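For the protein sequence lines, the chains are B and H, in the order given.
Residue numbers for the first sequence, in my numbering: 1 to 836.
Residue numbers for the second sequence, in my numbering: 1 to 545.
To be clear, the hints were calculated from the coordinates, so they are not data collected in a lab.
Note that the coordinates shown come from a computational prediction; the quantities given were computed from them, not determined experimentally.
Do not take every clue at face value.
Stated by the list, open to error - Quick partial rundown of chain B residues pointing at chain H, CB under 7 angstroms, derived from the structure:
1. Asn-330
2. Val-759
3. Ala-796
4. Ile-800
As the list claims (entries may be wrong) - 20 angstroms max Cα-Cα, derived SDA-like pairs, lysine to any residue:
5. Lys-257(B) to Arg-151(B)
6. Lys-42(H) to Glu-713(B)
7. Lys-123(H) to Ile-25(B)
8. Lys-333(H) to Gln-771(B)
9. Lys-205(H) to Lys-224(H)
10. Lys-224(H) to Thr-553(B)
11. Lys-534(B) to Asp-519(B)
12. Lys-131(H) to Leu-758(B)
13. Lys-333(H) to Lys-224(H)
14. Lys-779(B) to Gln-828(B)
15. Lys-587(B) to Leu-570(B)
16. Lys-123(H) to Asp-692(B)
17. Lys-812(B) to Asn-834(B)
18. Lys-53(B) to Ile-25(B)
19. Lys-657(B) to Tyr-129(H)
20. Lys-334(H) to Ile-625(B)
Don't be surprised by glycine CBs; every beta carbon is placed ideally from N, CA and C.
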Amino acid sequence: MPENLQKFAKLGASISFETALREEIANQKRGAFNILSQIYEIDNEAARPALLKLLREIPFKPRYFKAVRQIFKASEYRRDAEVFGIIAKRFETESAGFSASSYWDSMYLQDEDGKWRTVKKSAELAKEDSRIAYSDVTKDYFRRRTWRTLRRLGEIGDADFVKMATGALLAFSDADARETRTSTIYDYYHTGRWDWQNPKITHIYWDRFSPYLLFNHILYENSPRYEQKTGSRGFRIRGNYKAGDPPPTVREEAFPKLWEAQPVGLLHLLSESECQPVHEFAVKALRNCREFVVNLDIQAVLMLLNRPYEITNQFGFELAAARFDALDPNIELAVAVAICNNSEARAQAFRWIEASRELFAKNDSAMLKLLTANHQDTRGFAANLLQTTNYSQAEAQNLIALLISNLLAFDETKQEIAADLSGAIFLSFGKELRTLNLAIVNDLLSHSTVEVQILGGNILVNHETSAENLPNELIDSLINSKFEQIRGLGIKLFGQLPDENLLRRESAILSFLTHELADVHHAIRPIVSRLAEKYPQFKENLVAAIFIELLQTEKTEGVHARLLETLHALSDWTRFADFETAKLLIKTESPGANEIGGLVFKDRSDEWRDEFTIEEIIDFTNHEILSIRQSSWQIAENIVEKLRGEVSLLIRALDAKWSDSREFWRTFFRTYLTEKELAPEILVAICDSVNDETQKFGRDLLLHYFRSENGVEYLIKLSEHPSAAMQFFATGYLETFAADAPERLEKLAPYFVRVLSLVNRARASKDRVLQFLEREALKSEKAALVAARILARQAATIAIGDKAAMIETMLKIRRAFPEIELPVKIKQTEVRANVV
Amino acid sequence: MLFDYAYRGSSSVASSSSSTAVSFVPDATREPTFFVAELRQKIEFREAISALHDIVVSDLRFKPKDKTAYKEWAAQREEIDWQEVASRKSEVAGRVRSLQDELNDLNSRSSARWQPFYRARQKYFDYIYRKQRDLWFLLDPVITVHPDEVFFECFSEDESSYGRLGANYEVFENVREFQCGTTNIDYSAALYDEFQKIRTYKQTKFEIDPSGFELATTNENAFKEVKIDLPDSWVRGFLQVSSAMSLPTVSFDLHPLDVHNICFVLRRKKERSSPRSMRYILKPGEPVKIVLEPWNLEIVCPRSRYEGADSHEIRVWGRRRLLTLERLIPVAKKFTVHLLGTGLPSFYIADLGDLNFTLGLSGWTVNDWSKAGNFDLLAPRFATDEFTKQAVFEGLKENWFETPENLARKLNLDKKEVLGALSAYTQAGRAIYDLNKGVYRVRELSREPLPLEKLRFANEREESAMRFLTENAVLVRSRKPKQDGATELAGTIKDKGKNIEVLFVVDGDGRIINAHCSCHFFSVNKLFLGPCEHILALRMAGRNL
């Protein structure tokens with residue numbers, strides 16, 4: 001054995017020994033065979049932990065496997081359960097190094113010179129420095145052998161069976177569980193001959209620990225739910241059992257009598273195993289060892305209650321319940337039950353504690369354990385207990401110190417517990433916390449978890465030191481926190497400053513009000529409202545500052561909307577605005593600012609009535625913000641007299657983009673304007689609109705205020721309208737105002753052409769025009785000349801009805817005034833000779 | 001292609017009962033161009049500018065009907081019917097019916113409750129539609145001020161119709177100040193509405209606002225910046241149509257009522273099957289005859305005689321685009337039609353006295369690959385060296401417009417060379433040919449010169465097809481008529497020493513409906529990525545037969 005290893009082995013320092021051993025193994029060329037075996041021979045307190053560690057991780061590869069094999073066999077001989085267990089489990093889990101097929105004895109291996117050569121496996125294995133090890137056959141052999149060793153011990157009733165089995169079972173944990181799976185087997189030959197269309201399908205179900213032979217042999221040798229079929233490499237599910245069902249009540253393990261004879265082994269399993277099936281087995285077996293169980297000491301019961309397995313907790317609780325004496329309660333026992341994993345047990349423990357609450361509530365360590373329990377119900381119960389107990393000054397201070405020191409030690413993983421504990425402390429010790437040392441509060445505020453910070457913030461808000469005496473930086477740091485709740489607390493604290501102090505910090509208030517985070521804004525708003533109603537000067541400054549903010553581009557979406565709400569909440573704020581500011585507000589891009597501008601104008605339209613131009617009113621009436629439109633209506637109602645004088649400009653308002661505005665202006669025109677203002681050219685201009693509603697409104701007004709002396713003007717002007725509806729409307733005036741007046745006919749000629757050129761439309765208009773032309777043409781030559789020109793142009797249409805009517809009229813003209821030139825040639829009707 | 005504009009404010013029309021002021025805001029980043037005058041021929045201008053607007057917004061591309069709602073409903077019906085069939089069998093029809101009634105009742109109540117919501121939502125959508133409407137105008141119209149006329153140009157959204165409204169200075173009175181050049185103007189739908197209010201009895205001021213170029217120093221926001229990402233195909237379409245104008249055409253006049261008659265038929269009838277073409281039958285000295293397919297309806301235009309020397313029969317497609325001329329019928333004195341050939345662009349010039357309106361139509365409404373084949377419109381026509389080109393353009397710029405003859409005389413160059421240079425500038429969008437007056441005019445479509453090399457071909461296959469044509473590598477072997485007006489064309493193309501066999505069938509509307517080619521591209525992609533260069537080349541060669 002190398003000298004430095006010898007030295008460390010003698011010294012008994014396990015860690016330095018391990019380091020030295022690893023170094024040594026790394027340095028050895030041939031492998032770890034000799035040295036590991038030698039160390040197992042020494043097996044003292046320095047060497048063993050290092051060896052166990054190495055055994056868990058060394059690869060089952062040529063350099064090491066010989067040592068593993070030798071140590072395994074030695075452990076069998078020595079009945080060293082721990083080493084036996086570790087290696088036995090690794091046989092189950094390590095995959096084989098190569099396949100030792102019986103009729104194919106050669107394989108490819110890479111030589112030292114880097115070339116691949118065929119070698120005989122048998123020859124290679126026989127070499128001292130073989131390059132292959134741990135074949136599948138070896139693996140199977142050792143898997144059988146581990147159980148064989150135990151079985152033989154059991155069969156002769158050897159007491160060491162329990163020891164060895166315990167070692168083997170402790171090697172397994174819940175982390176070794178696999179996914180449950182199903183194998184499907186198709187038997188195409190079940191009818192006696194090959195039938196590929198109707199195979200017999202069987203399913204094999206494998207449970208979570210099915211692949212581990214030794215494990216299953218120990219736990220389920222007599223089980224009704226698992227079995228190993230010959231030649232199978234695992235325990236499959238038997239009968240109707242389904243993975244995940246509750247285990248049967250019967251004992252399933254191998255050699256139950258041996259286990260009963262040594263129940264300590266079972267207790268050992270319960271205290272150390274991290275494996276659910278092992279706990280199930282051990283609890284079941286222990287229940288059968290009544291005598292042993294009754295005499296268990298209280299430490300063992302606490303151990304059972306503290307294990308993270310509910311079945312074990314339940315068992316422990318039963319034992320604890322039997323042992324608990326309500327008259328002389330065992331605090332440790334009750335607390336252990338109260339924080340165990342079994343909910344029924346916890347409920348019972350709460351009843352026990354409730355029965356003698358003073359005793360528990362005044363016990364600091366018990367309270368700490370309860371308040372920091374993993375289960376929420378326990379924490380809630382403890383918080384309740386804490387709140388309903390009267391502590392003396394000294395008791396309270398001790399408890400607070402203990403709880404806060406624990407709280408400060410928490411990290412992010414325990415957020416939930418920290419939150420509950422913080423809440424419990426804050427609710428229970430409100431009075432005491434008012435005088436808590438500010439240094440501790442600072443510690444709480446600088447903690448990494450938000451829950452602890454919230455406690456610090458809450459303590460600060462309620463602290464006897466008033467806000468004005470706190471350093472400003474402290475409040476600022478709270479307001480600038482990344483956590484919303486802390487920011488809220490900071491602003492709450494800020495709001496506690498005396499009014500004169502707050503009034504001095506106006507700019508800070510405004511910056512909170514225009515903060516990009518909504519919560520900061522919402523927190524400051526009640527303070528702002530309070531101050532604004534109390535101090536008019538503050539209100540004025542505030543409103544002015546909000547206006548300035550609104551005039552700037554919105555930094556973050558929502559800021560303007562929030563400011564809008566703030567303004568709405570104030571009373572009578574519009575009186576602080578001046579005309580120019582309101583105008584600027586309307587011109588900005590932000591809808592929020594626009595709306596404010598509109599509201600200002602609406603409120604003060606009377607005051608500023610003389611400031612608005614007609615163009616502005618029309619712009620407002622077209623605006624997409626309702627309040628601005630409303631303000632324009634308000635203004636209009638206030639300056640009716642002025643508007644009466646400028647009706648010709650006001651017509652555009654009737655064509656507003658918004659139906660509500662149009663509706664308003666129609667009503668306005670109807671109500672306030674009279675015949676005096678609505679001169680013919682105004683009425684025509686209203687009709688000139690492209691909006692159908694407005695056109696109709698114009699026609700209605702026109703009919704209402706119609707005076708025949710203006711008829712000609714109406715006709716001439718309306719005839720230029722491009723819309724078919726208005727053209728039709730104009731035809732109504734033809735008869736009255738254009739008849740018998742050839743010079744008017746001349747003026748209207750383009751109109752007639754326009755109507756007659758409409759493609760496949762305006763039948764009624766065309767008919768009226770054609771009839772009118774015909775009548776007029778026959779009246780005088782001058783008129784006929786005009787009509788002839790129009791008809792000559794239009795008669796080329798292929799619309800048969802129109803063409804026929806036009807030809808007919810032209811014929812009539814030709815008859816009446818033959819000298820007028822027309823594109824018609826009258827053919828003499830052919831008279832056939834034989835016709836009599 | 002990205003076009004950037006900066007407008008100082010928005011174009012506006014201020015109208016009152018006695019006057020109208022049309023004020024266009026020009027692109028401030030371009031050479032100052034402005035014009036201030038009063039309008040004299042108001043109604044004609046109103047109708048013409050409205051027609052131009054119709055072109056800007058026209059989109060006649062096929063849009064499939066949204067049938068999802070119907071299909072949902074039909075699926076529901078289907079289900080209900082099956083339920084009834086099943087229920088009759090199990091004799092619970094009555095119960096199902098009563099439940100169905102209850103369900104119907106619940107549905108109707110629920111829909112009644114939702115009604116206000118749906119109504120409000122619809123209102124909101126309408127509002128958005130109205131507010132965003134100006135986004136539809138792809139490229140704002142281009143205005144050019146020249147010493148003899150002011151003209152507006154635009155190109156439709158469906159990349160197929162080109163409109164140009166030229167106005168002599170006779171149209172205006174009191175021309176106060178002007179600066180020649182080309183600029184884009186800010187244009188919106190609201191302007192169209194205001195144009196409708198132009199009347200003879202209202203004084204109408206017309207201006208391309210000179211203050212649009214004044215330097216703004218105080219407020220950056222005074223500029224309205226517009227960035228338009230125009231599809232390459234759109235720009236290509238525009239250039240193709242405008243450069244087609246300078247090609248030799250078959251032209252004749254139509255009486256306004258003839259256009260009315262074409263529109264009349266199109267308004268009354270709806271074509272439901274192919275072919276959807278319009279066939280001009282032109283015989284020297286005889287009235288123009290127009291045959292509208294598929295009804296084979298013949299419109300004879302007795303007042304319009306064809307005066308050309310040879311007879312032609314020319315088919316054009318996309319005739320519904322002619323409906324934009326409707327508003328011009330009452331004000332037009334005549335329409336002059338210029339045809340390039342079957343399936344090629346055509347032009348309609350309305351003579352409105354001192355105004356003239358040109359409608360240019362590409363070969364088809366939809367320029368998808370099955371009808372493609374106008375890429376040679378942008379091919380160089382006569383090789384001219386760079387120096388001559390530059391000289392010709394400088395010469396043109398002197399007077400802003402010039403006939404090629406005058407220009408050749410002035411520069412002492414051969415007319416052929418001048419024409420070659422001018423057509424190159426036309427293709428690059430820097431000059432246009434004015435069909436109405438027969439002159440070339442300076443008109444820079446964009447501030448920066450357009451990347452013509454990038455725009456010339458839609459893909460590299462078109463480029464190679466062009467190469468085959470110029471190398472005379474295409475041999476058309478046969479051309480057979482098939483049933484339903486389809487034509488089969490077969491030919492051989494010499495590509496890198498190999499003979500490629502090509503065969504394809506076009507239907508009555510000139511669409512490729514079936515094709516075969518022995519090249520690699522075709523054997524891999526068939527027609528899924530469009531025709532290969534050989535099919536394209538044969539198609540181009542076959543068109544000229």
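> Can you list which hints this structure breaks, lowest number first?
Replying inline: When the structure is compared with the hints, numbers 1, 4, 7, 8, 9, 11, 12, 13, 14, 15, 17, 20 turn out to be violated.
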